[in-house]
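A.B. asks: Combine both chains into one complex, guided by the hints.
Protein sequence lines, in the order shown, are assigned to chains V and L. Position 1 of the first sequence, counted from 1, bears residue number 14 in this note's numbering, the numbering being contiguous throughout. Position 168 of the second sequence, counted from 1, bears residue number 204 in this note's numbering, the numbering being contiguous throughout.
Calculated from the structure, these hints are not laboratory results. Hints are not guaranteed to be accurate.
Each computed SDA-like pair below joins lysine to any residue, with the alpha-carbon atoms no more than 20 Å apart [unchecked claim]:
(1) K131/V to K360/L
(2) K269/V to I214/L
(3) K92/V to N219/V
(4) K51/V to D373/L
(5) K360/L to E308/L
(6) K269/V to E308/L
(7) K296/V to R346/V
(8) K131/V to Q381/L
(9) K51/V to D183/L
(10) K145/V to T108/V
Taking beta-carbon pairs under 10 Å as the criterion, some of the chain L residues facing chain V (in silico) [stated by the list, open to error]:
(11) L53
(12) R65
(13) H150
(14) Q381
Because the structure is a prediction, the values reported are computed rather than measured. Quick reminder that beta carbons are idealized off the backbone N, C-alpha and C, glycines included.
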Amino acid sequence: MNMIRILIWLILAYYLLLQLIYLVLLMIGSLQTRRYRKGISFTEFRRIGESRLTMPVSLIVPCFNEAPVIGTTVRNLLKLHYPQFEIVVVSDGSTDGTVEVLRESFGLRRIERPGRRKIPSEEILAVHESEKIPNLIVVEKTNGRRADAINAGVALARYPLLCVIDADCLLEPDTLIRLARPFLRDTRTAAVTGVVRPSNGLLLQNGVIAERRLPRTILGINQEIEYARSFQWARIGLSRFRSMLCISGALILIRKSLLVELGGPWPKAVTDDIEFTMRLNRKIQDRRNRRNERLVFAPDAVCYTEVPETARLYASQRNRWQRGTLQALWRNRGMIFNPRYGLTGLFGMPFFLLFEGLASVIELSAWILMIVALILGIATGAEILWMIFLAYILGVFLSLCAVLMTETTLLRSSGWADFWRIIVALLIDNLGIHQFHLLCRVVGTVEYLFGRRDLGLAMTRKESQPLPA
Amino acid sequence: MNLLTLVQITAMVITVLSLLLLAGIVIVRTGYTRRLVHREEFQKIALPHLCAYLEEKEGREAILGILAKERFPALELLMEQTEQMDPEARKKLAPIYSGLSFLRPILADLGSRHWSLRLRSAERLGYLGEESSIPPLMRALGDEVLDVRLAAALSLARLGCGGAVIPIIMALDLSGEISQRRIAEILAVFGEAAEEPIFKILHDHPLGPAALCIAARTSDLLRLRKAVEPLERLLEHPDDDVRINAVRTLGSLGDPSCVPRITALCDDPGWEVRSAVMDALGRLPSNNSIPVLTESLGDPEWWVRYHAAESLRKLGVEGTDALKKASSAHADAFARDMSRQVLEQNGILNTTEVPA
Chain V
14 MNMIRILIWL
24 ILAYYLLLQL
34 IYLVLLMIGS
44 LQTRRYRKGI
54 SFTEFRRIGE
64 SRLTMPVSLI
74 VPCFNEAPVI
84 GTTVRNLLKL
94 HYPQFEIVVV
104 SDGSTDGTVE
114 VLRESFGLRR
124 IERPGRRKIP
134 SEEILAVHES
144 EKIPNLIVVE
154 KTNGRRADAI
164 NAGVALARYP
174 LLCVIDADCL
184 LEPDTLIRLA
194 RPFLRDTRTA
204 AVTGVVRPSN
214 GLLLQNGVIA
224 ERRLPRTILG
234 INQEIEYARS
244 FQWARIGLSR
254 FRSMLCISGA
264 LILIRKSLLV
274 ELGGPWPKAV
284 TDDIEFTMRL
294 NRKIQDRRNR
304 RNERLVFAPD
314 AVCYTEVPET
324 ARLYASQRNR
334 WQRGTLQALW
344 RNRGMIFNPR
354 YGLTGLFGMP
364 FFLLFEGLAS
374 VIELSAWILM
384 IVALILGIAT
394 GAEILWMIFL
404 AYILGVFLSL
414 CAVLMTETTL
424 LRSSGWADFW
434 RIIVALLIDN
444 LGIHQFHLLC
454 RVVGTVEYLF
464 GRRDLGLAMT
474 RKESQPLPA
Chain L
37 MNLLTLVQIT
47 AMVITVLSLL
57 LLAGIVIVRT
67 GYTRRLVHRE
77 EFQKIALPHL
87 CAYLEEKEGR
97 EAILGILAKE
107 RFPALELLME
117 QTEQMDPEAR
127 KKLAPIYSGL
137 SFLRPILADL
147 GSRHWSLRLR
157 SAERLGYLGE
167 ESSIPPLMRA
177 LGDEVLDVRL
187 AAALSLARLG
197 CGGAVIPIIM
207 ALDLSGEISQ
217 RRIAEILAVF
227 GEAAEEPIFK
237 ILHDHPLGPA
247 ALCIAARTSD
257 LLRLRKAVEP
267 LERLLEHPDD
277 DVRINAVRTL
287 GSLGDPSCVP
297 RITALCDDPG
307 WEVRSAVMDA
317 LGRLPSNNSI
327 PVLTESLGDP
337 EWWVRYHAAE
347 SLRKLGVEGT
357 DALKKASSAH
367 ADAFARDMSR
377 QVLEQNGILN
387 TTEVPA
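So that you can see chain L by itself, here it is in the shape it has in the complex (with noise of 0.2 Å):
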């Protein structure tokens, strides 16, 4: 066969394919469209039934058998809805969870061996309430995929197993600051249930520094007071990131009393400690960290200086007037340089507007 001819051949091979393909094409955009319309369609009908049985103006057999028809159209819809309730008004929601049999289905999808499905199923039982759930979740907490052992954990959080609290910081990844914040976020989902283990996990450190930080991370969104005991201990940590979280978490739950164990911080080794001690110290409302912040707008880091002067400032007028002394007065040309410059950035100095 000569090269032309084969040319040839490829050519009408390739032309038959586009064909193929462009009618493919319509096919697809025809379906698609029609899912779409039929989706939206399914909305519009069901959400009005929805609205009316939360409001207790329909009962449960009548917006069962609407939802029925659809039952995994309807699923994302109650999830959206779930989503837009508060914890308190979702609990109606169980009955049509329950009445509409999710759980065997999404259950036996937590066992496939396509992650996106195990995904799935992981969120989707968070939604349904079922304490059956639980141990199938708490197996899932060893998934090999980290998306999986969130997606559990967050449903374990919704479903309020206290028990779970522990599991969920062993078994997922704690390298790094943003799972540990991730972790954190999961944790605080679980509200209450959350306090008692968190506490212990302060208190007695049962687990190593990384369980610490995302106890202390967890305890700050929980606003958790009575963890302002344990997190002062911590203070002495000899781990850095324990100590940083320790101190943030201090200076977010707000208790002034703090104060001079923070402060004993200040001339901590680790500039990331000092920068997180500076920034606590205007989170809580003590004139005595003036002199502390003051002298330590001429630290050798950038971030401390930075966090001691915004600190300052946010202790109202003394500290302003403080800031606005050192911006003239310090000793430190970087401490007059940064004062300047935050007190600028604020418009509280050189502000000039400009003419009409």
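Next comes chain V alone, as it looks inside the complex (with noise of 0.2 Å):
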């Protein structure tokens, strides 16, 4: 009996020790926004632009089955402000006519341009240019997964930086400016990453992003909350930390020779994005390679991408996220604990083991240590209900946070209706969100113990819409 309380009463201090090291990496992330803000000089950007020193970049955007965005894709991109760079699209074994849509889109002929295959892959079938574009190569490739479109592309892109960006992602026109940024400051840089937010309400115009609103759903508003709290303010903190293991597949700077170097993305990974990251950080921390090279985060640089907006395709893809972890963890154990890997091996690791690894099974357990000590008169209601409000108002807490840091960057929210909306949305999360995302979660364990190792659902593509006249 004594035992299931003490149990409850750790679940409950593991929750506050998680709650309470989010809310340091959110300060930690904010202030370092602050001194990074500081820092930058007036014209420094346009200096960048202008620069015969800034490298020039090889997008590579890999697809598979991407017709209804590609185009727009595309075209964002193609809107960006760098000096020099050149767009790689990998379709992927697309069926639904992905290339098509760019043939008709921006001219495409078939050139005969094998590429330096310095990763293997699958099959490259044909290498296509723009008559239009000059800088716009569409590769078409035997399907493979991701990784392996990324790898392909490595073979054809020919700059010294290249930039990894999923199909349904939209930059701003300076994003790529602030990616490059570090590389310019400092020559031990080995990647760049930046803010992804959602895409799923931004209106278009003429592939530039004119105005930023909300999803449309509270699972879509859910989701703008979560990025802002873990993927970006806590990611900054990480990053201080030497602990950013996880650097989002939608938008990553790296430098080419050191992702050749390291074999590229893994082909066979659940979430490549994830182990990729790990295995960077396994490299370039390990003391023993002498490496002194650092990953970077650019908080100014803002990449949009499509959140699932209805229950299954949200369910898929967070089981699928959680199979990754689990997968790239697991690969990477050795780090674990590991002063060889310094604060990376010593906190990084841990921390992504204990509350992202394994978050939903403990925080499960609580729920069932709960339910059962309610039922056998160890704990009263009144206590367990109090300590179900706790977990939830420190959620709130946080969220909050993250909105004030939010509200003092330009990535606030655009009026005040949107605001309430997220305040309305975060005040809900806990109260079926967060717990339908713990089911997905359990699931997507248990699945990978016995041995899924699938993608999951594919993402039903909207396109984006444009400026209303």
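C.D. replies: Take a look at the structure:
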């Protein structure tokens, strides 16, 4: 009996610790961003844009059946303010006419360009270049996975920096310049990532983001808060501790030589971005390698990605993320509590294991224990309710902190109506959506243990909305 | 106190904190929105008057009267305008900067213990056009923060203080290619004022190899043709980086009389030097380099082969013919492969259209 009681309190302590760490990370993220902004001089980005120093970038866009969005994505990328870049779209065996859409929009013609295969990938079937756009290449290949498509794209990429983005992603026009800045300032920069936010409410004009609105559904708005809290502010904090173990696949700028040295992302990974980031950390943080390189978070480089707004797609995505996290942790388990990897091994990896990989299982245990305790009369209903309320209000407090920080940046909500929708969404997040999320992750954990390694349901894409006349 | 009481108290405290935080967010948001709207409105009012002043339709006093109401937003507006104007037109803004008396508060910030204020100050001084800010900027070249030193250097360049060229080279971090290129770009902002000091560095070698690299890069950006002769002498310098930078600049300056001196380096032990030589030969219009480039297609280093092939292609019909010939008849298989690759990349060989 006492054991159950002790377990409940232990889990509560775990939850409090988790929220406390997140709060500290958010605060560090906020301070880091403030410091970053102060260091930007008035003409900095204009000079980067005009400088011969700025390294050219190959943008690799892996895509599988992305016909509804690929045209918009490429048009958006063509509007980037950057001195020299090329776009390499890799169609990973698409069957929905993705290449046809590109051919109609950009006038493709087939060329002979075998590339230099430095990383193995599935067979490249054809390479096309655009008759209208000199810096656009489209690669057709046999279906592998996203990672395999990236690896094929690397063979055709000509420039020393690679920027990998998802086919549904939209970038602000100066995102690439802001991502490239750390490479110009510090030769130790290995890779840079930026802010990823939901694109569902964006309005476009000629491929450029004209207005940012919120997604329409509660699930979408909920992810807006989640992305701000966990994928923006907390990640900046984690990067301070050399513990950024998940660079979103939606946006990464990396030295090509380093990506090739690592053998590219792993094609069998369930979430290739998490696995690749961990492997990248394993390489550069290992004291034996004496690399002295660093991963950088650029808090003003913004990428928008489509988030699922139906329960079915959301469940599939979170299930996949959970399986991918566990797979990546298992493959890189040698880093956990290993002092050879410095802070990454002693803080980052244990944090990721305990508060990401196992969080759902621990939280589910808490719910089960509370029910058992209630049935056996070990805890009273009032005690249980107070504990649930504490967990709820802590979550609300943390989300409000993230909203406060976001409101002082250019990513603030576009009007009072959107602002209050965010507040309502964060208040009701813990009244069902969070529990649904938990369930998806628990199912993901169980399925991972039973050997499931597929990618789940593909996102059904919606075309971005044009700005109303 | 039992644990339940602790939970209750914690929950209540956090609830109160959350409510306060929500109120705080609303206040922050309101203030932020107001500031943004205010700034936009100020710019809307001030910009037409500023344009009228620049077109000499309005007097200095009128525009000063408007800008003086919001001095620091006005400074940002003026800096933005300065960036969009050519150097000659920028002189028209000097009376406005001086009329708003920015110098004293900005100079005070240069002595601040906060690096961000020093950075902002060092940057702004370059726009004011006041010669009295040169000595403090020279002192700022010794700041502990690299960004402040760079901002001070750029401001000195904007002020056209030619005497600052050598102190800048000495004050800034010289290690690494990127640092050197950043400094060269700043020195290029000096324009003509930098020509003499740069030539002196190349000619007399008063500083070390890193300074020679920077000087070579700067003479490229300044298109300093009189630097050709000292640059040719640098081709024999023992430091690899100096030879690379000299070759690159000679290639970029485009004087074909340098070709024999440059081709003498095609057997240099450093592959980066050979690669730079091949690249430079493609920029110098001389068919005399075709045999050397053709032979270098078989170099053991990929980048040397690639630049040799690219340079042949750039040399026009004769070079392209030599490349086509090499793609089938060169004795070295790697040379044939590279020639084919470059021809294909440039659509000269084996490019097939997709049927409609």
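A.B. asks: Hint by hint, note whether the structure agrees.
C.D. replies: Hint by hint, here is what the structure shows:
A hinted pair counts as satisfied when its Cα atoms are at most 20 Å apart, and K131/V with K360/L does not qualify at roughly 26 Å. A threshold of 20 Å between alpha carbons decides the hint, and for K269/V with I214/L the separation of about 17 Å falls inside it, so the pair holds. A C-alpha spacing of about 9 Å is found between K92/V and N219/V, which places the hinted pair at or below 20 Å, so the restraint holds. This hinted pair does not check out: K51/V and D373/L have alpha carbons roughly 51 Å apart, beyond 20 Å.
This hinted pair does not check out: K360/L and E308/L have alpha carbons roughly 25 Å apart, beyond 20 Å. For the suggested pair K269/V and E308/L, the alpha carbons sit about 19 Å apart, so the restraint of at most 20 Å is met. For the hint pairing K296/V with R346/V, the CA-to-CA distance comes to about 14 Å; that is within 20 Å, so the pair holds. Of the supplied pair hints, the one linking K131/V and Q381/L holds, its CA atoms being roughly 18 Å apart against a limit of 20 Å.
Proposed proximity of K51/V and D183/L is supported: the alpha carbons are some 11 Å apart, at most 20 Å. This hinted pair does not check out: K145/V and T108/V have alpha carbons roughly 24 Å apart, beyond 20 Å. A least Cβ separation of about 6 Å between L53/L and chain V falls short of the 10 Å threshold, and the interface hint therefore holds. About 5 Å separates the beta-carbon of R65/L from the nearest beta-carbon of chain V, less than 10 Å, and the hint is met.
Below 10 Å, beta-carbon pairs count as interface contacts, and H150/L has one with chain V at about 9 Å; its hint therefore holds. A least Cβ separation of about 7 Å between Q381/L and chain V falls short of the 10 Å threshold, and the interface hint therefore holds.
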